[in-house]
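Enquirer: Residues per chain are reported as follows:
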Amino acid sequence: MRIAVCVKQIPDPATPYELDPDSHYVVRPNDQVLDDTDRYGVEVALQLAEATEGSVTLVSMSPSGNLQGIRQALAMGADKAVIVDDESLRGSDSLTTAKVLAGAIQREGFDLVIAGTESTDGYTGVVPQQVAELLDVPSLSFAKKVELAEDGAVRIERQTAAGYDVVQSAVPVLVTVTSGVVEPRYPTFKGIMQAKSKPVDTLGCGDVGVSPTTTQTIQAVEPVPAREAGEIVEDDGEGYAKIVAMLEQVKVI
Amino acid sequence: MTDYRPPLRDIKFVLEHVVGLDDIAALPDFEHVDRDLSFTVLDEAGRFMADRIAPTNQVGDAEGAIHHDDGRVTLPKEIRSAYQEYVAAGWNAVKAPMEYGGHGFPTSVGIGVMEMLTTANMAFSLCPMLTASAILALQHHGTEEQKAIYLEKLISGEWTGTMDLTEPQAGSDVGALTTKAEPQDDGTYRITGTKIFITWGEHDVADNIIHLVLARTPGAPPGTKGISLFIVPKYLVNADGSIGERNDVNCVSIEHKIGIHASPTCVLSYGDNAGAVGYLVGAENQGMRAMFTMMNDARLHVGLEGLGVAERSYQQALEYAQERRQGRAIGAPKTESSPIIDHPDVRRMLMTMKANIEAMRALMYDNAAALDWAEHGVDDEQRQRGAARAALLTPLAKGWGTDLGVELTSIGIQIHGGMGYVEETGSAQIWRDSRIAPIYEGTNGIQAIDLVLRKLPMDGGKVVASYFDEIDALDGPLGAAGLDSIRERLAAGLAVLRKATDWIGSRDDVNDALAAATPYARMFGIVAGGYYMAKAALAAHSALGSANGDAGFYAAKVTTAQFYAEQILPQADGLLAASTAPSDSLFAIEPEALRG
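If you read the protein sequences in the order shown, they are chains A and B. Residues in the first sequence are numbered from 1 upward in steps of one, following the working numbering. Residues in the second sequence are numbered from 1 upward in steps of one, following the working numbering.
Each hint should be verified, as a subset may be incorrect.
[As the list claims (entries may be wrong)] Here are the computed lysine-lysine pairs in the DSSO-like style, where the Cα-Cα straight-line distance is at most 27 Å:
hint, chain 1, residue 1, chain 2, residue 2
1, A, Lys80, A, Lys190
2, A, Lys80, A, Lys196
3, B, Lys257, B, Lys225
4, B, Lys12, A, Lys190
5, A, Lys198, A, Lys80
6, A, Lys196, B, Lys12
7, A, Lys144, A, Lys80
8, B, Lys147, B, Lys225
9, B, Lys462, A, Lys190
10, B, Lys12, A, Lys198
11, B, Lys257, B, Lys77
12, B, Lys180, B, Lys225
[As the list claims (entries may be wrong)] Some residues of chain A that are not near chain B, with every Cβ distance over 12 Å (derived):
hint, residue
13, Arg39
14, Leu74
15, Asp151
16, Ala153
17, Ala162
18, Gly163
19, Pro199
20, Asp236
To be clear, the hints were calculated from the coordinates, so they are not data collected in a lab. Just so it is clear, CB atoms sit at the ideal spot from N, CA and C, and this is done for glycine as well.
Model the full assembly from the supplied sequences, consistent with the hints where possible.
Expert: Right under this line is the structure:
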């Protein structure tokens, strides 16, 4: 099974980063890390590839930097990576991103595409479905478990508010996985060494047939408003009712 | 206990700007190593240590190792499974030679992995540390056959190693040991005797334990000249490498200690029944030579424990200081209490921790780099210079580093106030764990003597003189960069250190040098720390011009170095008098009169 996994290099969330004063974009450091939520998708892909003697190709759109984030996923065991790094893609909206990823995936060939549900830096949460649409394949979303069905189809347990649905599709198909779908492996030292010599293709927009049409700009960035004081409920014997009402109001019950 | 955050940026900064990793990676022996790859290794090691090892620290302390009546010692299951994962991932083999399955990375990268392992769980880290010592001993002194049997499994971590030196009457004076080794017709020896304080001497985390035991053969000369080194495996190893019969070495008991509860400290008895089978390493009576091979490495690792506990304590104290609200800081709004980090005294404590941690990290990594040069330099000159530098820095890394470990973890408790004295915050454990490090692997008193009597006179005093010249050479660059307070305090510190060094060198009575050793070693550590902080400040200062998203990080490096120069370096002045006082006052009172 040829598996493509969408992954992203992001600035390390553990270290403070700066915004470019003119564009308001994050100043991309040379060292970036693999988005932690992508580790789940890579792990699922590796397990399926091991079961089917298949291959795992990482697909990414991001400034290459020193490729540290990509190498982290290669160190887990992925076979190769394709990264689209093009200055004109800076600040792309989700549709442009999806077109680029779909173009790169198409170029590589695939039976299964795996993605996380959303990135840790962008949080749009719509790119995988756009990619599926552009590739003209079904999208199975929010998988908390992924397995191969007898006839080579892919079956998932789709997380829902009440429990889960069992959904199945023949390949080719796109699956998004939640954090916790599997326990991602830690790269071994050997894996890290091997990752160094695994192929990484760096492509431009032209290679994937996309002309960026991004028109969005960031007008201003405001600091997060200070936290306001909490509301105190005095218990006059009916306090619980007020608390229940408050919880209902914020829709947690 | 709070989560451990591996200080990767600080580690990389030291490797890049203070230690010169690029030059080491360029050595022919390290063709497979470069900076990016080394940093990737550190990133992944950090993630592993934080996620898999650090969570075992508290349970390791609370449950500890347990000794059973049949001689078995068991560890909490969390420690067992973490050890297996650690071995499977290959982290035990970072700097071991490639011909035996190691990864052949520089010690200066290996020390980063080891720092993070130690910080995540110091008691756990002792097992790989002792194994590393056994690997070194066999690598340099073992026969080809011994290497073939033991090295690969020790390097992978499938088997662990121990160093069995101490006996009840033979601690700092290792020459007083009495464990016997009787030669047999088949070329092996039978070992009988008792050893104490054997770290990880018995456990259930790995399949076999390879004890390296110091013992005397019949008729051996007294003292250290009559000591031989033997391999005594827990299970004998069959010709095909598989595990065979149980050897006659048994764990009689384990110690109940202040800290490092997950590190079983064993009393081992050899030869209660048939006699323990031992295999001679090197020649008879050459055991001390093998010990010295391991000593630099082991002492640096113990120094690293001082750094590790201080780092963990700092992270925890910093988080607490940001959350805990008490009192109102000057200028804070009247209506709310301030996080204690806003109070000057708390800030001073945190800065004292941070500055000392950065200073000792730089010294220890420089020590590791010196070991790389000593072993992998391309010519004799490079190798000798590296060996001499490592020899000079080792007693500082061990002595100064582990004294600071105890002091800084105590400050970590202080920042927590009363909660620091309560076990559940975890800061107490870190302090308890730290307390052994100034004692074992040569007490800090012995480190100071080593510095004064063995290291200062090296090459007629040229080694230490050239280290001082290196410090001097920063004067110009510091002035040019406008880092005046650092320049002035470093020059002042170096001046008093030189003065004390000259005084010690000029004394005829060796007791004077011995009496001065401890305050002098402290002074040396403080000034050396100032040197590394100044180096870091210069690197950060020039990086500030081209900083890409990292300006805050580099600015903090400069500020921390300034704090060190202004608040910590001046302590060297205060040690001058004690470092240059004759020994008379130490011995003026008869022992009986000391009772008062």
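Enquirer: Identify every previously stated hint that the structure contradicts and give their numbers, smallest first.
Expert: 3, 9, 13 and 14
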